[in-house]
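Q: Spelled out from the first residue to the last, the chains are:
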Amino acid sequence: MSGDDRRVAIALTIVGVALAALGTVGLPAFYESFLYIIFSWIALATSWALLSGYAGYFSFGHGAFFGAGMYTTATLTTRFNVPFLWTLLAAGVLAAALGAGIGAVVFRVKRLRGELFGLLTLAITFVLGTIVLNTRIDGGPGVFLSAVPLPRLLASPTGTLYLLGLALALATVGAAYAIGRSRLGFGLFAIHDDEDVAEVEGVPTFRYKLVAFALSAGIAGVAGGIHAMYVGYVTVGETFSITVPLYVVLMSVLGGARHWLGPAVGATLIASSLYAFTGGQQAVLGRAAVALVLVLVILILPEGVVPAILRRRRPSMPAVEPAPALESHDAVAGEPAATAPAAALVAHDVWKAFGGIQALRGVSLQVGPGEIVGLVGPNGSGKTTLINVISGHYQTDRGRIALGEVTLSTRPAHEVAGLGVSRTYQIPRPFVHLSALDNVALAATFGAARCSPGQARAEARRWLEFTGLRRRASALPHELNLHERKFLELARALAGQPRVILLDEVLSGLNPGEIASAIGLIRQIQARGVAILFVEHLLRAVLALSDRLVVLNEGEVIATGSPHEAMRAARVVEVYLGTPHVA
Amino acid sequence: MLLEVRHLSIAYGDAPAVWDATLQVAAGEIVSVIGPNGAGKSTLVNAIAGLHGARSGELRLDGVDLNAVAPHLVCRQGIALVPEGRRLFTRMSVEENLEMGCYRREARRARQDTLDRVYRLFPILRERRRQLAGSLSGGQQQMVAIGRGLMAQPRLLLLDEPSLGLAPTIVEQMFGIIRAIHAEGVAILLVEQNVPQALDIADRAYVLEEGRVVADGPPSILRQQSRIQQAYLGVRDGDDVNR
Amino acid sequence: MPSLTLLGQALVSGVLAGGIYGLLALGLSLSWGLLRLVNLAHFALALLGAYLTYQLGTALHLSPWLAAAVIVPAFFLLGCGLHAVFAYFRVTEFTSLLVTFGLTVILESLIQWFWTADYRRYETPYATASLRVGPLFIPTLEMLACLTAAVLALATWAWLRFSYVGKALRASAEDPAMAAAFGVNHRRQAFLLSGVSAAYAGVAGAFIALISTLAPAQIWAWVGVVFAVVIIGGLANPIGALLAGLLIGVSESLTMAVVTPAWAPLVSFSVLIVLLIARPGRV
Chain A
9 MSGDDRRVAI ALTIVGVALA ALGTVGLPAF YESFLYIIFS WIALATSWAL LSGYAGYFSF
69 GHGAFFGAGM YTTATLTTRF NVPFLWTLLA AGVLAAALGA GIGAVVFRVK RLRGELFGLL
129 TLAITFVLGT IVLNTRIDGG PGVFLSAVPL PRLLASPTGT LYLLGLALAL ATVGAAYAIG
189 RSRLGFGLFA IHDDEDVAEV EGVPTFRYKL VAFALSAGIA GVAGGIHAMY VGYVTVGETF
249 SITVPLYVVL MSVLGGARHW LGPAVGATLI ASSLYAFTGG QQAVLGRAAV ALVLVLVILI
309 LPEGVVPAIL RRRRPSMPAV EPAPALESHD AVAGEPAATA PAAALVAHDV WKAFGGIQAL
369 RGVSLQVGPG EIVGLVGPNG SGKTTLINVI SGHYQTDRGR IALGEVTLST RPAHEVAGLG
429 VSRTYQIPRP FVHLSALDNV ALAATFGAAR CSPGQARAEA RRWLEFTGLR RRASALPHEL
489 NLHERKFLEL ARALAGQPRV ILLDEVLSGL NPGEIASAIG LIRQIQARGV AILFVEHLLR
549 AVLALSDRLV VLNEGEVIAT GSPHEAMRAA RVVEVYLGTP HVA
Chain B
62 MLLEVRHLSI AYGDAPAVWD ATLQVAAGEI VSVIGPNGAG KSTLVNAIAG LHGARSGELR
122 LDGVDLNAVA PHLVCRQGIA LVPEGRRLFT RMSVEENLEM GCYRREARRA RQDTLDRVYR
182 LFPILRERRR QLAGSLSGGQ QQMVAIGRGL MAQPRLLLLD EPSLGLAPTI VEQMFGIIRA
242 IHAEGVAILL VEQNVPQALD IADRAYVLEE GRVVADGPPS ILRQQSRIQQ AYLGVRDGDD
302 VNR
Chain C
109 MPSLTLLGQA LVSGVLAGGI YGLLALGLSL SWGLLRLVNL AHFALALLGA YLTYQLGTAL
169 HLSPWLAAAV IVPAFFLLGC GLHAVFAYFR VTEFTSLLVT FGLTVILESL IQWFWTADYR
229 RYETPYATAS LRVGPLFIPT LEMLACLTAA VLALATWAWL RFSYVGKALR ASAEDPAMAA
289 AFGVNHRRQA FLLSGVSAAY AGVAGAFIAL ISTLAPAQIW AWVGVVFAVV IIGGLANPIG
349 ALLAGLLIGV SESLTMAVVT PAWAPLVSFS VLIVLLIARP GRV
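Protein chains in written order, with the working numbering: chain A, 9 to 591; chain B, 62 to 304; chain C, 109 to 391.
The following block holds chain A by itself, in its conformation from the complex (with noise of 0.2 Å):
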């Protein structure tokens, strides 16, 4: 464990200690209710930010899960006389499968995401309770649970339920925390900034997706069994309400959803303001006062309060630094972890159109380790749609993709990173809330070369270095200059040690020295046994790097073969300069 995680491992144990102590010695009844609800909203709120504040899905269906936990308590205790707490692990299962369902359906829909997730969260909620408004399951009622018997752990009825509420709420921050410094929380962050580029980088989007809704729906599910017993007397109209999906939403974006400690500071705020507003006038005023504060934090502090007040800690970077001397660019001490051995990359007859456009027809091209293959060809003729296709962020109609004996068109992007296929973006794309650092140390976890959280973070620093961004390592991207950003681009590419580089226009937008400096790493990376396919429009640097060279013009290869052949063959200047224009 690291300095850091030992040192939240004490602070939540003090806390959690000290909390039960309390409980144990007897708090009047006011307050035990008072940190009971306070626990309660923690856990809600905590576990509604596991995906929607690290993913960014934000559900708005979280009150379904609690709904479904409460019902299957009073349901089992009720009818089936099922102890307590066994109850509360059926709660906990039953809610985590039903997000689960719900996540396997949804989230392979691609557009369903943002405001229409969102809607299609909030709907549940209110078709899963008129489902069990009209079933057997309440039928109208309500269910009483005044006559089930509590296991007696502490003195008092509210005692138990509070011990058992503190203990769901650490539990709670603490996977919270967990989770955020795991490689699912990793993923999670990545997908919340760039989802199609995280997948592409080898995060396994859905599966982690789908982990992250069903845990977080499994943790609602255990609060609402435990609400249940703790009102007593439940109803459709007040458990499948607005009232929690609304308030988890305010009180994670409040306290700062992407932190494990936001939602847990939202809701003691929101939640101890609301419990001073008790009754009456006072309470609806609350309410609003509660929802102003929301729109405004929303408004002025999109990042949320426990974010702002750590920024203020951390030491601000300059606005522009100038361009950092490029450093030498010497090989790289030390031979990192070798991975699958070196192969060609072979794209054979790929076809690929999108509604009536045929973007690509029958392209076939090889690149063999070692070998830099430079792509060219005017306009909409294809090549970044090539791109796209082999590091399987469109899937071919027809035709094959594959690395040495291995197939790749037929698997999702992210088994295709896996495998040892990396790619930058002609307008680069990093993950705009995670460092320089972070984002090259991702592509390592996730990439071909699969390190530890450890390893991950020296082999970033090893290809910061690489790329000249020793010193900007802790830089956010919007902090860096577009140089800069074309080589972290560049270093996040190389740090998933793949076996095949797609390079997409890393040259356009760089001056003269920028443009030597590129190309020098290029040579490097070439000098690895890396296989380097490479779109470019600057027509001068393809040709001095590339060892052979494919013309592209709608779609179809024209030409290939050495670098000053493909270049003066008929076709290609036809194309480039139209019908050959006699001097």
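Keep in mind that the hints are not guaranteed to be accurate.
As the list claims (entries may be wrong) - Facing chain C, from chain A, some residues (calculated, C-beta under 7 Å):
{"id": "1", "residue": "127"}
{"id": "2", "residue": "131"}
{"id": "3", "residue": "138"}
{"id": "4", "residue": "141"}
{"id": "5", "residue": "142"}
{"id": "6", "residue": "145"}
{"id": "7", "residue": "277"}
{"id": "8", "residue": "292"}
{"id": "9", "residue": "309"}
{"id": "10", "residue": "313"}
{"id": "11", "residue": "315"}
{"id": "12", "residue": "316"}
{"id": "13", "residue": "317"}
Just so you know, these hints were derived from the structure itself, not from any lab. As the structure is a computational prediction, the values presented were derived from the model and not from experiment. Here a beta-carbon is modelled for each residue, glycine too, at the ideal position from N, C-alpha and C.
Use these hints to put chains B and C onto chain A, whose structure you have.
A: Using the frame of chain A, we list chains B and C on its own:
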């Protein structure tokens, strides 16, 4: 001088796209801008049309400083853009697209007349006037885009890669139409990948390479320059480019 | 199996209810489709309009039509004001959902503070009037609401289709930069649209005051249904919104007649869910 561009620099965020560009278009002239992909031609044209701001330099139409004019007011000065990739309003009909061309109040009055002229120039559009613009072929869409530009009754028409993605016969047609438009007295700034056509039609031409104007002059002179061959094919001086 | 008369009456109530859904969906469909902002507060605005109509009617004895004449223009300005805030803070499509979520709660709380959570009923002489067509009863007020919805939907459609402003709005929604290149002032259009959308909420509110019993929590009852209507009808499609409203209203009503009433909400939400998952391309 109708259009005066002096030492214009344009950037996307911090990525410079055009450095120190200087060019002119006189009333009634056709001027071509040629250069390889990524040279900054579209950026330049978009800046002139007001779609994108310039970082520094002068941009004047008939003396009026365009840098100080809000984007939606640029067309009032008499500039119309036929953008790269056409950028039609695909969910609107052909005729509605054309009508959007004369949205500005002064042009709206002459709507029917201008519409008739455009339909005379492009008879097939009259047939398809109620069709959704997104459902037309590439060549027809290009006609709509040009028509839309003409509806604005511009003094200066900016054409960005009108031949992109079109079959050679359609391209011939397109350039014939550009000549016809020119004959009516409209000044034209043409950006083109298709160098021979671009040079044939132009009174003068500029060569843009990596964001800078590297050559200009009458087409006859430019054609002689190996610069052009270099820019497009990357072959060095002295290489034989033909066959 | 219920009688034909019962079914017929259910059909009638369904159509009438659908009219109100359509009326509510109209404003939302416009702003979401053309401005790309999700305005959850639309419902709260409508309810506010309802309460204001009620208040002006009971306290100042203004006839509902006079009240509407005051409220609708006021709401237009309110809509413009709301957009000014959005524009100033550069609110995106997704942030707009959160911000308006918050606004909804604020409005709901304010409504509850002024008018308490007690049910309010605006008693007017027309409340009990109804038309008799054969064995079926058609309440006049609701019919009027439905007709207004139809008229507004058609008028909006015509406005978008035939007027220059309407065309500019559609062009701007698709490619704001190109529309600007031909003279369309996107900012001004956005204010106009926001205002119109809010004004429609005001109109819906006036009818809601006349027809239903008012309670602050009403807001949430509509959210799911109306979003379903907007999505089914297609964004920025006024006629579509009306037809979708009718569709949902009728299917809910028939469900209520044939099965138990409590299953009704299931219909709209389920349709919404299915559509969100199955419908190809951007909504």
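Q: Determine for every hint whether it applies to the structure shown.
A: Do the hints match the structure? See the list:
Of the supplied interface hints, the one on residue 127 of chain A holds, with its beta-carbon coming within about 6 Å of a beta-carbon of chain C, less than 7 Å. Here the hint on residue 131 of chain A is kept, as its CB sits about 4 Å from the closest CB of chain C, short of 7 Å. Interface hint at residue 138 of chain A: satisfied, since its Cβ lies 5 Å from the closest Cβ of chain C, which is below the 7 Å cut-off. Because the smallest distance between the Cβ of residue 141 of chain A and any Cβ of chain C comes to about 6 Å, under 7 Å, the interface hint for this residue holds.
With its C-beta approaching chain C no nearer than about 5 Å, residue 142 of chain A sits inside the 7 Å limit, and its interface hint holds. For residue 145 of chain A, the interface hint is violated, since its Cβ never comes within 7 Å of a Cβ in chain C; the closest pair sits about 13 Å apart. Contact between residue 277 of chain A and chain C, as hinted, is not supported at the beta carbon level, the nearest pair being about 15 Å apart and thus beyond 7 Å. Hint status for residue 292 of chain A: holds, given a least beta-carbon distance of 5 Å to chain C, under 7 Å.
The criterion of a C-beta within 7 Å of any C-beta in chain C is not met by residue 309 of chain A, whose closest approach is roughly 12 Å, and the hint is violated. Proximity of residue 313 of chain A to chain C is violated relative to the hint, the smallest CB-CB distance being about 15 Å (cut-off 7 Å). Taking 7 Å as the C-beta cut-off, the interface hint given for residue 315 of chain A is violated, the closest approach to chain C being about 16 Å. For residue 316 of chain A, the interface hint is violated, since its Cβ never comes within 7 Å of a Cβ in chain C; the closest pair sits about 16 Å apart.
The beta carbon of residue 317 of chain A is not positioned within 7 Å of any beta carbon in chain C (closest approach about 21 Å), and the interface hint is therefore violated.
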